[in-house]
Each structure stands twice: as C-alpha cells, then as structure tokens.
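The residues making up each chain are set out below.
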Amino acid sequence: MALIEEISEFLQKGRAKNVKTLVQQALDEGLDPKAILNEGLLAGMMIIGEKFKNNEVFVPEVLVAARAMNTGLEILEPKLVEVGNEPVGRAVIGTVKGDLHDIGKNLVAMMLKGAGMEIYDIGVDAGAEAFIEKAEEVGADVICMSALLTTTMPNMKEVIGELEQRGIRDKYIVMIGGAPVNQNFADQIGADYYTADAATAAETAKKAVIEKKAS
Amino acid sequence: MGKQLVLDAIYNKEVERIPWVPFVGCHAASLINTDCETFFKDSDLIVEGVKKAFELYDPDGLPALFDLQIEAEAMGCGLTYAKENPPAVSSHILEQGKTLADLKVPTEKDGRFPLALDATRRIVEALGDKIAIYGLITGPFTLALHLKGTEIFYDMLDEPEEVEKLMEFCKEVCLNTARMYIEAGCDIIALVDPMTSQISPDNFEEFVTPYVTPVFDYVREMGKASSFFVCGNAKRNIEAMCKTRPDNISIDENIPLDYVVETCRPYGVSVGGNIKLTLTMLFGSRMDNVNDAKNCMQIGGNKGFILAPGCDMPYATPVDNVKAITSTVHGNVTEVFDDIDVMAGVDYELPDYANEKQVIVDCITLDSSSCAACQYTMEAVMTSVQPLGDKVKVIEHKIKEKEGVACMLKLGASNIPTIIVDGEIKYVSILPDNAELTACFAEAAEKKGL
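As you go down the protein sequences, you meet chains D and H in turn. Going by our numbering, the letters in the first sequence line up with residues 1 to 215, in that order. Going by our numbering, the letters in the second sequence line up with residues 1 to 450, in that order.
Only chain D is shown next, with the shape it has when bound in the complex:
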C-alpha cells in the first residue's frame, strides 16, 4: 500500500517521471490496477482539487499534477481495459460558440478525469451541434459548458434548447461554469448544475452520474 500512497504523493507534486516509474513498479509487483488508479492517481488528484478549491494551490500546480496523472494513466490504461474497469461516466466538455477561453475549461476536464470520468474535450468556440453530436456519439452522461464572456453565455441556452428540440434533454446531465455564470443563470436556462470551481464540478458530476445510474 505504501507504494500506492507514494504514487499519490508524487502526483500531487507534479513529478511525472516518478509517477510513471512507480505505476510500472506497482504493476510489476502485481498490485490491482483498479487500486493503483483509485487509491493512487485519482486520490492524489482529488487532494489537488480540494487544495485548488481552497486556494492552497493554483493553476500551474493543478496542470503539472494532471500531467503526472496522465503519464501514469498511459501505462495503466491497457491493464484497466484487461480487467474490465469501467469509467464512472462519460462527459463531453467545451467552451461555447464565440468564446476562445480555455484555461478554466481545461482545468475542469482534468478534474473530471481525476474523478474517474472519461472525457471528450471538443475545444473552444463549440456550437450546439458539436456538443450534441459528440455526446450522442460517445454515449455521454454529462455535457459541460464553459463561458467566460457575458456575450457568449446565452449560447449555453442554445445547446439546451437544441437538446429539447431533439427530445433528448433528459438523457444528459447539463452542467455550466465560467466567471460570469451563476446559479441564477443556470436556473434561468434550465441547466442541471452550476459549479463555481473545477473541483466542485468534478465532485458534482460524479455524484450526479452515480445517482442517475442508480435511478
């Protein structure tokens, strides 16, 4: 177990090389890939997320931790497929039409991945069509939209409108975020959740997916 804890520790420090070596070592020692994932990589990422939320670490620390997580995942993923590990859920994420901001969106994507979700990032300036096509294609559970501008936030409503039009609104958990967005706005446009930071977004998405799958 100490080895798995060490993976988490190195991940939190953003030490990608160490994480890679230790994940390989853990697999060589015959440790359960699911345990390496959940108690090593994801546990470390959760701690980083919590610290980010509390203003104890900042964007660069989250980015390098996520990079370390990805390095570990590269080695781990083939083994996870072998043992039939299923992701918590699938999420499509993007910044809405007319908006080029991607830092916040990328952070949320990393945190979602850290919460055990499979992520489909459709980038910035993404229209309703792009969100919905990708969601339908991959069988997503969650659609996450980001907007940093007061003038682009109304485009979130268009995505929801299009989902309704196609009669598939209930298939998805719709989440929104970004500096000008708030709970009021989420209620107004009929989004399921608004979250103020990346860590809370990941927590909320995970919880919502588990609840939805249980019902």
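No lab work stands behind these hints: they were computed from the structure. Small disclaimer: the values here were computed from a predicted structure and weren't measured. Errors might be hidden in some of the hints.
If the Cβ cut is set under 8 Å, some of the chain D residues that face chain H in the computed set are [unchecked claim]:
| hint | residue |
| --- | --- |
| 1 | ASN55 |
| 2 | VAL57 |
| 3 | PHE58 |
| 4 | LEU100 |
| 5 | LEU149 |
| 6 | THR150 |
Derived lysine-lysine pairs resembling BS3-like cross-links, with alpha carbons at most 27 Å apart [claimed, not checked]:
| hint | chain 1 | residue 1 | chain 2 | residue 2 |
| --- | --- | --- | --- | --- |
| 7 | H | LYS224 | H | LYS13 |
| 8 | D | LYS53 | H | LYS3 |
| 9 | D | LYS157 | H | LYS83 |
| 10 | H | LYS303 | H | LYS3 |
A virtual CB, placed ideally from N, CA and C, is assigned to each residue, including glycine.
Got chain D; can you put chain H on it based on the hints?
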C-alpha cells in the same frame, strides 16, 4: 475637481468626496452605437466614445483605452475581433515557430499603437484638465501568456530560467508602453495583469515581482501615479502585490474589499474597486447599483479609495445603471428614482407630524443589518430615545425597499443615513453623540408639550 480627487485618493490623501472612475472600455462602443471591432480600430471613434462616457457618467477619471491585446498584436499574435467584446488573442507567436530573439519591443509605429496613442493624446487634450486619464498597459505575466500560451504554466516548473527570460522581455515591453502613454499625456499608468491571480504567492514573487516593480518605480520617477489592476481571486497575492510598490491596487468582486483595504493600508497603497460587473452592473437594477456602490464606499472610506467597477465594463451595461452609481457618488440618490416606472404603485403616507402624540423619528437607512454606518445610526438612535420612554417613536425606513424610497422622497432626504425628527431633517450622514441626540429628541417632545 475630479482629476484632483482621483490623484488625492491614489496618494492616500483625505478627500471630500470619493472619486468615481467607471472603467469604460468596450462599453464606449455601445454608447456611440458601434460595434467593438470597428471601435477598437478607429481613433476617431475611441475619442468620441470616451467623450460620450464623460458626458453621461460625470466621472472623475476614465481609461483612454481598455484593450489588453494591443501589445501582443503588435508583436505578431493573432487576434479575433468581436462585436460586443474586446478582441481576444487567438494565436501565440512563440508557439508558432518564433523565438524570443525574433521579437521586438513594440514602438509608436507598430500594430494599433499609432491609433491608440493618437486617441489618447486627443482624449487628454479634450478632458485632461477635468478628469484623470488612465493609460492601460498589459502586465508582463498576462503578456507572457499572450505570447507563449498556457505552456508557460508548465515551463514555470520545467524551465524556470526560460520563463525568466521571457518575463524580462515583457518587462521591457511594459516600460516602453508606459513611456508611450506617459508621453501621450496620461496621469495614471495602470498595469493590468489579471492572470497573476492564477498563480501562488511563491510563483508571484519569483515570476512577477521582479518584472513589475521596476515598472512602478519608472512611473513614479516620471512623476505619474500607478495602479496595479488584477481580477479573479487574487486574495493570496495582495500582500505580494503591495510589495511591488504601486500607488494603488484595483480589484474585482472576487476578493472582499475590506480584506484588500486592510492589507494595503500598512503599505501605504490605496485601493480601487469593486462594484460587481455582471451581477450588479450588467444584470442588476438601478437600486442594486446604488446599494453596491454605497457598500463599496462605506468600506473604502474617504482616504485612499477610488470607486470603480471590478474590471472593464461589459459592452451592454445599461446606461441607467452606471448613472445610478454616479448619482450615489454625488449624494443624489433620489435622482435614481425620478423615473416613475420604478416607483409605480408604491406610496408611503407620512404621518401628520404636528398632531401625533409622540415625537416621530424617521431614520432613512440602506439597511441597518448590512450597512455599518446605518447600523451605528440605528443603535445610537435607539439608545438615545430610552431616557424619553414612549414619548418618542422610531421608524427605520430601508431604501432597499421601495416603501423606504417613497418615504425618503417625500421627506426630501437624499443621503443615507439621515435622521429626521417630526418631519424635519436633522442629521445627514453624520452621527452625533448620544447626549446630543437625546437633547434633540427632548426638545422636540417639549415643543409638543409631552
């Protein structure tokens, strides 16, 4: 005069009235019915927009131009222009095969600087004797992100010496841009570095402090004032920002104003901010704007505080919302309610003061539970009436409620808090001691023969 108020506040001198600097950037385009792309490429329109903002908002200071992409564009970064937003950097020159050695510090001849400086000179000529003109420069860290993209966040860990070289270059750009705006006549150089809110205090001290401090020192040497604008949750970095020696720090709603005031004061750094951009200015009512401004002014006080929005005002900010703040600043809150629509169906019947069997004390407050000055006023009034028993009746009218506003209008009060005794305005925005208040109430009771 407006300009002097801003300069006094920036240098921590006591002022009679808190200065008001609406950060009208892309919003100026909406004031003259044009779109942002056209606006940001035309010095005539920039001058016209700023003049319009001056007429409408009676400000004490204004930015000449609020465009944090102009340096990056002049060095070859691609911009995407928008109708209702400032342009955004869409390609990072150092990610596209160029190296730092290929880049040149932009001068008066590069990119849109010719038109930006032309507009600034004309704005200074037209308004510079009345109000303080801010020249805005992109801070070195935000500029580095424009040039290099988010890769810089990884480089800070992997190749710190490369980041230091880039920051050193960005500092040179800042110094030169500050020089150009000072020569164009700006009174205040605002170094706008919003991205610094995304890094830790340790990183700030390593990658920002050495590159902004010389800029503030330079502005001081040139005899001008400086401000450090940041947005986002930069709470942890405020102290580090103070140590870079700007004259002023301006923040947005993500950081509590009282915390910033407290942190800056020991360093002799004045503060600006932090009216909420979207919740209040863009989407709020006029009343919300009055309240938000009052609240900021309450916390900021008459020494070392400039009332301002958290950042560049949104394009579509309703003009009436901004005017409501202007009225608040000038102590004419009632102006805000001249429009009958707001007050339709709301009335407040004043008592027949002369024939009441009690002295009626009306206290006009914002809301004693959320406004400190109002709270102390109410506490003082309640304590002072005690010796007089039921000879005096106290009523609090909160202008957060429409009935409160109606009462305020009828009684002719225009400031809060105001204490009115039997229909006569006695104390406006000042709080006499309890003995004086008791004496005042007792006199009124005596008049009525109570």
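Cross-check of the supplied hints:
1. ASN55: Status holds, d = 6 Å.
2. VAL57: 7 Å, holds
3. PHE58: 5 Å, holds
4. LEU100: 5 Å, holds
5. LEU149: Check passed: Cβ of LEU149 (chain D) comes within 6 Å of chain H, closer than 8 Å.
6. THR150: 5 Å, holds
7. H:LYS224 with H:LYS13: Judged against 27 Å, a Cα distance of about 16 Å means the pair holds.
8. D:LYS53 with H:LYS3: 41 Å, violated
9. D:LYS157 with H:LYS83: 20 Å, holds
10. H:LYS303 with H:LYS3: Between LYS303 (chain H) and LYS3 (chain H) the Cα gap is close to 15 Å, so the pair holds against 27 Å.
When held up to the earlier numbered hints, the structure conflicts with hint 8 and nothing else.
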